[in-house]
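> Here are the chains, one letter per residue:
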Amino acid sequence: MRKGIVFLFLVLSLFACKEPFEPELSEANLRVLTVEGYLDTEGKPSELYLGYTRRIYGDNLGPGSTPAVGAEVFLESSEGNRYPLVDVGDGFYQFAQDIEEEGSYRLKILLEGEGYTSESLHPLISTPIEDIGFEKDERGVEVYITTKGSGTVEDFLWTFTETYAFSPKFVSPYIYRPETGEVDTRRPEETIYLCFRTLNSSDLILETSSNFDEGVIFKKPITRIIPGDERLSTRYSILVSQMALSPEAAEFWETMRKNTDDIGTIFSPMPSNITGNVSKDLDPSAPVIGFVSLGVIQERRMFIGVQEVSPWVNNLEAYYDCELDADTVSASGFEERFGTGVKFPAMAVFVESSIIGYRSALRRCVDCTLRGSNVKPDFWED
Amino acid sequence: MKCVLAIVVLLFCGLGAVAQQDSVRVSGIYREMPFFRFVQSIEFETGYRFVFRESDTQGLMVNLQAQDVELRTLLGQVLAGTGLFFVIDGDRKVWITKGKPITLGFSTGYFELQFDSIPPRTEDGLGAFAKNQVFAIGRETDNPESKKATLSGIVSSVEYGKPMPGAVVVEKVNFTQTVADREGRYSITLDKGRHTLYVQSIGGYQEPRHIDLKGDGILNVEIPESVLSLDEVVVSSGALSQVNKLEMGVQSLSIAEVKRLPAVMGEVDILRGILTVPGVNTAGEATVGFNVRGGSADQNLILYGASTVFNPSHVFGFFSAFNSDMVSGVELHKSTVPVNYGGRLSSVLAIEPQFGRKEKIGGSGGIGILTSRLSVDGPLGENTTFVVGARGTYSNWALDLLEENAELSGSQVNFYDWNANLRHQINEKNSLELTSYGSRDQFRFDPDTSYSYKNLNLALSWRRYISERLEGKITLSRDAYEFNIEGLDNPLNSFDYGFDIAQLQLRTDFEYRTEKHLLDFGFQGIQYLLNPGHMSPHGAESIVTDRQLDREEGREFSLFIGDEFQWTDRLAFNFGVRYMLYQLLGPAQFKTYAEGMPYSPGNVSGEVDFGPREVVQTYHGPELRFGGRYLLDKKSSLKLGLSTMRQNIHLLSNSSVITPTDSWKLSDRYLKPQLGQQASVGYFRTIFKNSVEVSTEFFYREMENLLDYRSGASIILNEHLEQDALNTDGKSYGAEFLIKKNMGNLRGSLAYTYSRSLLKTSDEPSVEKINKGKAYPSNFDQPHNLVVVANYEATKRINTTVNLSYSTGRPITLPAAEFDYGGSERVYYTDRNAYRIPDYFRIDLSLNLEGSHKVDKLAHSSWSLGVYNLLGRSNPYSVYFVPDQGQLRGYQLSIFARPIPYVTYNFRF
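Chains as they are written, first to last, in UniProt numbering: chain A, 1 to 382; chain B, 1 to 909.
If we strip away everything but chain A, and leave its shape as in the complex, we get (with noise of 0.2 angstroms):
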């Protein structure tokens, strides 16, 4: 659809002309401060993201995220007092302070001189997650949540954090080790056929628990995997975090979840102007991106193991290449074949009952290692 309109006037380039076109903007509008937030009241440990907008015009646009660094960040009671954010590095703030809930507080930011402040702010309480499940059919598993609105909370967020184990296409317990010349069977530290992938879902899941009967979202989809998908082939564990919205915090996070940069064609959205609860205190009416909030975030989490949703066929899509390389490499070739990393020994050959060499792959085919980590997450249940 886009490429058919662009080349409408690429066309008509007997007479028209497109250049690239680099809008004179002002500063503030280029690096404008975004603060991203849902701190927990309860003093579990909950982070405030502080960063920049990055330019879009122009050639060396630098790296893809500018945090704000060596910010000096505290919550403030109405009653005055401070409940300092501790700076973690990388432009995140920890918060992990019991605090009054009954109270109102305003964040401040103190940063490269300038000095930001909230508007006020009012811990939610959460109702908790009533339910986690998920349900199999021909489309593949869909998760999902239930949960109940109460008389002050009818707005919610929704993020998740899915973590999975998955084995490469090669499983091999081999190393070649280059000190040695040898090929070893690897120590349980070095294994490298399980690992565990974690992804930070970008999805904004949001509902308003008024458009029900009685204040409940039943089964409420947060996130699908279709057959066939990588997630599934071993073991597969969701962390759902329930956060209350005030209804303007709720509207903030519709805005956002709208924002793309799907722009140009027919069907695309109007751009979405974005502000939030924040503002510089010298001059109000500069832009600032961020809606912070203050609550209790709630969270559940799920596993869900293959034999659950047997039968489940993975596609493997990520090793969807790999071939063992036709040869069997003896000793004397170990070097030559795996001293430069780029081959693993992938499978053992034996003759009778001893190994006479090992069939090689690319490291990428054996190596989960490099899509994962092979350390199991503290949190893992087998």
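Wrong hints could be hidden among the right ones.
Claimed, not checked - Quick list of in silico lysine-lysine cross-link-like pairs, BS3-like style, CA-CA up to 27 angstroms:
id, chain 1, residue 1, chain 2, residue 2
1, B, K774, B, K147
2, A, K258, B, K769
3, B, K741, B, K796
4, B, K741, A, K280
5, B, K769, A, K280
In case anyone wonders, no lab produced these hints; they're calculated from the structure.
We have chain A already, so just place chain B on it with the hints.
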């Protein structure tokens, strides 16, 4: 009566005649009239029949004025000195013979012979030089107490004899003036006494008439219609009269004037002509429509005759959709819109259709680089005329030049339009008119996406002159528009998208004239049938889901009455009121929302259903019009205009798109009718012996219930538009300056407008206030706008025009930066419409060469050549952003980014 009757026939006429009653009296002014036409006119007026030999009266011109004169006396005058004699018999027949009067042999006992021997006519110098003759109009005994008298008549063309609509009759002392209507009829009220009237044809020919106005009377005028239609700059009812005209903010352009403007690729474009008028601008070169005084494009009512044209352009605005040969004139009302029009907030653009001539079949046409046109017109029988015209493109060859670029090989542009108009004169008092217009566009610029749309308009009207003062017209019309996109980007998401709209209209218009009043009243009923949008999968593989928005049906009734009232010599007013009732009809389904809460998904409280033809929602209210004019002196006037308007139909448009993809929507339960109010004042003056007209107008407008959209809204195929639309208030104000020179070898105009057009999310509960509830510029807020047109006529056959346009760049919402939030990369946009695209500046040049002007030539031809965008400046039409390798990139697109030469050959036969 042109036929020749043998005297023998006469002899056998069984004339059971009774005694002649010579009380038949005739009134009228017969100027430069061939004798046979004079006879026709007398026959019509009196019911008498004339019998004569055509050859006997060859070359005899009638030149006199009669007020209640006996027929015998009148004929005596006419035939004096010609050697012709007449006899009137008892059967109301007039026999005219040469040499001696006939004797009716059988008549002795039955009828009295009328026999007049006429003294030889003296050459009084009145015949040949009508300009120097003083015509005595009316009788002093009529209404002696009134200081004023009304002169009326018909202006017609010497060459073709057909009425000349739009001819201006002006008296140059007080600048009282009037314009001939579509039948060529005019009526002007003046102080009794001597006057010099100037009658000006559309072609620019001016003819003076000296009158001595003693009472109400008739003066028919025949003036030449300039053959050199391209060489005269004249406004049909504009310049000469702006000072005197009661209505303010009305701009007329003759088609000749439009034709002289430099054209894009040689296409004469009416809409581009409108842009030379102050207060009118356009958001871009290739955009559909135009903006008047800070209003959106859908707030203009574009009428071809009585038909509403929903899309007035071809290929997304590259070409105007009107064939210039099918148009006789254009009038734009931007201030106090006449009371018989309504339903749009900003303006009315009345495009007058062309009708065929009566004398012979002829035609005109043009051959240009990309398109050609041809039209044929003429009589169809005695009382019927027709005109048909068509225009088509063969621009594919231009696209073929790009064939070597394989990516573009699928390009195709096809469009055509046609008109067919008929006029039938049932009799002197009744006439029928049929106008029709159709256009079709189909184009694609790559094999993947095809656009197509079509207009179809039909209108039939019956006009009746009920009495000398009262005239009525009934019109029945149907207007339809349809738009489609076929997207074949890949088989999986191939789609067909489209919408359509149709309206059925019945209206009556009455006009009643008295000495001081001109009353307009009538009724208008419109039924809207509209399909706001559908999308369906294209092909078996497509996984696009079928979506169809519910059809909408609505009706709109309006009653109107308006009066133009000449209070004193200097002061004139018009008042008008139009009451409009609008209803949306079922079947329909709407969500309901919690009382007093914004329309958001969170506030949905239920759903209501409406059955077929059930009234879903009714809106009604008055539209008011008021205008006043005060003549400061003979050369200047002050005017005031106030008006309120209502509009029930909305164009939804996504402004962030490079191409205009708009769809229509009716007012519903939540989208209220747009309301507008405008106040304007103006000062008008002519200087340098009336050769230059200067005017300035100031306006202030307020609008309610406009539509803007919340952040991230999707407009196309939105089932619950109320959740994404924001009720918006609009405000615009500005000053317009116009200097126009209409005479001499150097002519032209300079129009400068300073105006602002601002929007503000209204105070109604809403989920979002754009730009924090502050006022922000609308999409077409272009504060400075300057258009200069200069035409120099070197000789009658060569003239050249320079056109210069400048305007501030239109506002745009820019993606300014990127950031990460909520786990994704996001785009930070500036405030809505906080920035502007670069300013617009363009100079064009054209040269028109006329062929020889021998009247009897087989075909008259002319050449138009020129250069559009002489400086080759790349004026951005559109600025848009597309992700490119993970990075958002901005492009500015100029449509006519280099000088574009053109040549067109035009002909008339």
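> All hints are to be evaluated individually against the structure, with a verdict given for each.
A quick look at each hint next to the structure:
no.: 1; hint: B:K774 to B:K147; result: violated, 58 angstroms
no.: 2; hint: A:K258 to B:K769; result: holds, 16 angstroms
no.: 3; hint: B:K741 to B:K796; result: holds, 18 angstroms
no.: 4; hint: B:K741 to A:K280; result: violated, 56 angstroms
no.: 5; hint: B:K769 to A:K280; result: holds, 20 angstroms
In this structure, the earlier hints numbered 1 and 4 are contradicted, and the remaining ones agree with it.
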